Amino acid sequence: MEYAILFLPLIGSLIGYLGKSITKYFAEISTSLFVSVSAVLSVFVFWNGIQNDIYGNYIIFEWISSGNFIANWSINIDPLSSVMLVVVTFVSALVHIYSIGYMSHDPHKPRFMSYLSLFTFSMLALVVSDNFLQLFFGWEGVGLCSYLLIGFWYKKETANNAAIKAFIVNRIGDFGLAIAIFLIFFFFGTINFEETFQASSQFVEKKIDFFGFELNLITIICVFLFIGAMGKSAQFLLHTWLPDAMEGPTPVSALIHAATMVTAGVFLVVRCSPIFEFSQFALNLVAVVGMITALFAASVALVQNDIKKIVAYSTCSQLGYMFFAAGVGAYHVAMFHLFTHAFFKALLFLGAGSVIHAFKDEQDIRNMGGVRKKLPYTYIFMLLGTLALTGFPFLSGFYSKDAIIEFAYLKKSSLGNYAATVGILTAFLTSIYSWRLFFKTFHGSYNNKKIPINETHESPIVMLTPLVFLSVGAVFSGYFFKSIFIGHDSNEFWQSSIFFLNEIKHDVIPLWFLLITPILVLISIPISFYLYILNPRILEEFKNTNLPLYNFLLNKWYIDEFYDKTFVNPSKKLGSLFWKKGDIGIIDRFGPDGISKIVKIISNKTGKLQTGFIYDYAFVMLLGLSILLTYLILK
Amino acid sequence: MSFPILSTLIFLPLISSFFILLSKDRTSNNSSIYISLFSSFATFLLSLFLWYSLDLNTSEFQFVEEKSWISNFIKFKLGVDGISILFIVLTTFITPICIISCVNSVKIRVKEFLIAILVLETFMIGVFCSLDLVIFYLFFEAGLIPMFLIIGVWGGARRVYSAFKFFLFTLLGSVLMLVAIIVIYWLTGTTDITQIYEIKIPKEYQNLLWLAFFSSFAVKMPMWPVHTWLPDAHVEAPTAGSVILAAILLKMAGYGFLRFSIPMFPIASEYFTPLIYTLSIIAIIYTSLVALMQDDMKKLIAYSSVAHMGYVTLGIFTLTKQGIEGSIYQMISHGLISAALFLCVGVVYDRLHSRMISAYGGLVNYIPKYSFLFLIFALAALGLPGTSGFLGEFLVLTGAFQKSYLAAMLATFGVVLGAAYMLWLTKRVIFGETNNSEVKKFNDVNKSEIIMLATLAFFILFFGFYPLPLMETFSVSVNSLIDNYDTAVISN
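Heads up: the sequence lines are chains A and B, in that order. According to numbering that gives the first Met the number 0, the stretch in the first sequence is residues 0 to 634, in order. According to numbering that gives the first Met the number 0, the stretch in the second sequence is residues 0 to 491, in order.
Excised from the complex, chain A in its bound form:
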């Protein structure tokens, strides 16, 4: 069964791609079916784990063995991976079905479905790995699929550029992960998770000389692991690829850039909790980066106009939440938020896709509005998604996000307090931008000049059905899974897959603290309605008086421009310089070309001696004879 979960998507991908000529619908049906079966089996495995405690590690075959450097292809089922299995296969199956409708006009649909399945396979390979190398395989594999899917509309220049950017920024993260793996192998002598984690406690005090700095080994490993996580999970400074990735088709954004792949970084940190727990510095770093990302992305999301980019920045911000949860040591809460977030963010993306579909590929929310009656189902789904995201009481986001803020507060350290404050502030911003998106899309007047309102249409049933499932998840997943994930039973559930150095405290939290976030969330609804629909002039004036600030946010803090100026262009210039000046100008000029030129000059000079006239030769002979004679006589 475990084998089936992992390999069904791969088989689906292959036969979907190769069998596209059999019938028109072959690819979409086969891929969707295989992934759906995989999803059902995953739920079964998850349930078996909770109820009967059935876990295990299945080794498929040995991948590589070079001295101690041994890695197997394996399927490791433990509580952590079983949660990820459910998230990945469940969302993936729904996205597959949704794509049947969304991509119905695209001639390359088989290829699209095949990529989606391939992605699912890579992501599963990542989460079920029992060693760092297979994790790295999945890690780069999902990066590849992301690259292929962002660039799916390969005729678009922007899509191609975004795809390359995504891959390369991810590779920078992978660089960190690779270094971490080298460190682990060098010092621990293994790349197997279990052996590494057992060994980690022996190296707590170990210091190594790292470029002249005496540093703690565990800390360095964690920092490099975290660089890897930052790349994949689009954390501040390595986040630039995620908004651009919205060039891909919307189902891709829902699956890869919201629910699954971008959470791989969080998964990595949680998976490596037995290492992270021994480095307070690394944990603080995780928390700080998470906080900065949460706040930064929310601030940028406030002013963006592209519906997908808003949701993308929102994803970035929510990932920040997960990281600072992990950073304050609440790994299980991070996983809980990952779990609930997958549902409501996929719902929001697919809902946004439905809106875009209705507006015939319009993505700018300034050109929307007033269509809540035309798109009644989409309206409801988006409403549920928005409520869940903002943490409206008793929906899923409420349980997981507030839990993060509460755990940060319970930490009782200054960092914990900062984290709690940032968490609350970001929750407020999240609420504002989410409602802005919602109201501008569905309420107010109809602002699209290209297509008349009666041409907008509700999506077909094949697209709406997956939204039903996701809505159920977005509404109820928090309530139902709270006790398993973060409640008093949580230790029984997670067992050894998450490691806590100190026992998690379940102190009582003061009531006033519990109420802050929900109240802010609630009052933000009328505020945004007033600001964006009833009286938009206030904001317009505010914008005009604070234009630099507005531009700063609109241009995403100018980080892309900064990177272009400092890294991209100089590399190109350096490349040209090395080529034209280094290879051609110096090495060739003084090397082979120079030598052959000298040889040519000399041979030309000597060649001139051969005039072919007898008197020249006679003269030279005479000259030689006379010199010889003179020498002999004088001797």
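Quick caveat, the hints were computed from the structure, so don't treat them as lab data. If you're wondering where the values come from, they're calculated on a predicted model, not measured in any experiment. Just so you know, even glycine gets a beta-carbon here, dropped at the ideal spot from N, CA and C. Heads up, a few of these hints could be off.
To be verified - Label-pair ranges, simulated between beta-carbon atoms:
(1) A:S575 / B:F371: 28 to 36 Å
(2) A:V39 / B:G155: 54 to 62 Å
(3) A:K604 / B:F371: 54 to 62 Å
(4) A:L500 / B:L207: 56 to 64 Å
As the list claims (entries may be wrong) - Residues of chain B clear of chain A, computed beta-carbon distances all greater than 10 Å:
(5) A41
(6) W50
(7) N103
(8) R108
(9) E111
(10) V118
(11) Y184
(12) E197
(13) K199
(14) N206
(15) T227
(16) F441
(17) F458
(18) L467
Go by the hints and put chain B onto chain A.
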């Protein structure tokens, strides 16, 4: 003495090239093509049999043949071990593919071209089998001649310049190696490698001798800064020439380091390790950046080869299990990947007669099968896990990290650059749109092209997921290489 399987392997291509010479092709070249295909395929099968019957539990040389050649001076001595066998199989595997590619790309003097390829194959197998320095030197240098002709006769517009550059560079290095071989004979009284291993060359001579061998290998590798002949040679060479050059000729130097430099001069090898690291790192970063800016496909791939060979030299001189195994793996894998990429360029070159990236674009619209295969090879070249390109690099870096953090981190950064130039190339050639009406009329890959490319793609993926057949082949030999090195260095 049992059946001389190695001699047969070496001289089979040479003998069949005589038959081609005798064949009376006037209008078509069919009989030449069939003879060469048949013989190269037979050679391949024979090498597979050799691999199969090789005992992998010992690092001793096997199937040893020994004949006195010039009185007591030079012996014709051959033998294989777990390291050389893979290079032999690579050679015999790539040659038939080259011959198939000729069918599409070579239009003039087909017969002579096939002869050149087969003669070259003889020399290449000879290099990997030789257990005598002089024999090795002869094969090593003789290989230059057919290659020189392939570039000079069947090459592009600037073929003569390139052929001379290639010849000058490589010859210059080799002369010093010849001097070194003479010195070794003078010191030890033999040129038999196994005996030299036993005798051990005195410490004070090692550094100079190492440098003499190094000068030859560094050019062939090629290492920075003596790499500039490679892009020119590739650009002008016909497809089959590029394939052999990249897939096999470049591997001779890496093999040379493993077979000669390290076991014969262990102390010098240790002494010069920083030099090798520096040059390797420069090669990786520098040539990756240069590759980024190329507008000629073949040049780009050639520069990427230099970067990939940088990983090989880095890995060999880490002298760790992972580093050396990674290097060997990287060489085999690069043999497959670079061959595939040059064949890919050849396929579109045959259709448009341009190597310029800007002439292409949007190929996926017109020739999807080709584009799919190209993408696989590009991803393998940038070291994506699941392709053979990944494991070699990753093992090398793992090994390097145990010796020098700085070298390993810089080299790992090269992986990022590798992704940049490969993906940018893919974007400009495969994706996007084109205004070139010629490109729009392209036919997708024909039968012979798909056989070559699909075979290579299969092995690239197969060894990416299941590398054990290769790893097990050289494991024991690498262990003994490292053990001998360690003993020599410690006893110093």
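Results of checking the hints against the structure:
Between S575 of chain A and F371 of chain B the Cβ separation comes to about 32 Å, which falls inside the hinted range of 28 to 36 Å. Judged by the Cβ atoms, the range 54 to 62 Å given for V39 of chain A and G155 of chain B holds: they are separated by roughly 59 Å. Under the hint 54 to 62 Å, the C-beta atoms of K604 of chain A and F371 of chain B, about 59 Å apart, fit the expected range. Take L500 of chain A and L207 of chain B: their Cβ atoms lie about 58 Å apart, and the range 56 to 64 Å holds.
Look at A41 of chain B: its CB is around 33 Å from the nearest CB on chain A, clear of 10 Å, so calling it non-interface holds up. In this structure W50 of chain B is separated from chain A by more than 10 Å, as the shortest Cβ-Cβ distance comes to about 19 Å. Taking the minimum C-beta to C-beta distance to chain A, about 26 Å, the non-interface status of N103 of chain B holds against the 10 Å cut. Taking the minimum C-beta to C-beta distance to chain A, about 27 Å, the non-interface status of R108 of chain B holds against the 10 Å cut.
Listed as a non-interface residue, E111 of chain B keeps its Cβ farther than 10 Å from every Cβ of chain A; the least gap is roughly 27 Å. Once the 10 Å rule is applied to beta carbons, V118 of chain B is consistent with being away from chain A; the minimum gap is 26 Å. Its beta-carbon lying about 30 Å from the closest one in chain A, Y184 of chain B satisfies the requirement of being farther than 10 Å from that chain. With a least beta-carbon separation of about 27 Å from chain A, E197 of chain B lies farther than 10 Å from that chain, consistent with its non-interface assignment.
Against chain A, the non-interface label of K199 of chain B holds: every CB pair exceeds 10 Å, the least being about 26 Å. Even its closest Cβ contact with chain A, about 24 Å, leaves N206 of chain B beyond 10 Å, as expected for a residue assigned away from the interface. Listed as a non-interface residue, T227 of chain B fails to keep its Cβ farther than 10 Å from every Cβ of chain A; the least gap is roughly 5 Å. With a cut of 10 Å on Cβ distances, F441 of chain B stays outside the contact zone with chain A, its closest approach being about 16 Å.
F458 of chain B, annotated as away from the interface, keeps every beta carbon of chain A farther than 10 Å; the closest lies near 17 Å. Distance check on L467 of chain B: its Cβ comes as close as 6 Å (rounded) to a Cβ of chain A, failing to clear the 10 Å threshold; non-interface status is violated.
The structure shown violates the earlier hints numbered 15, 18.
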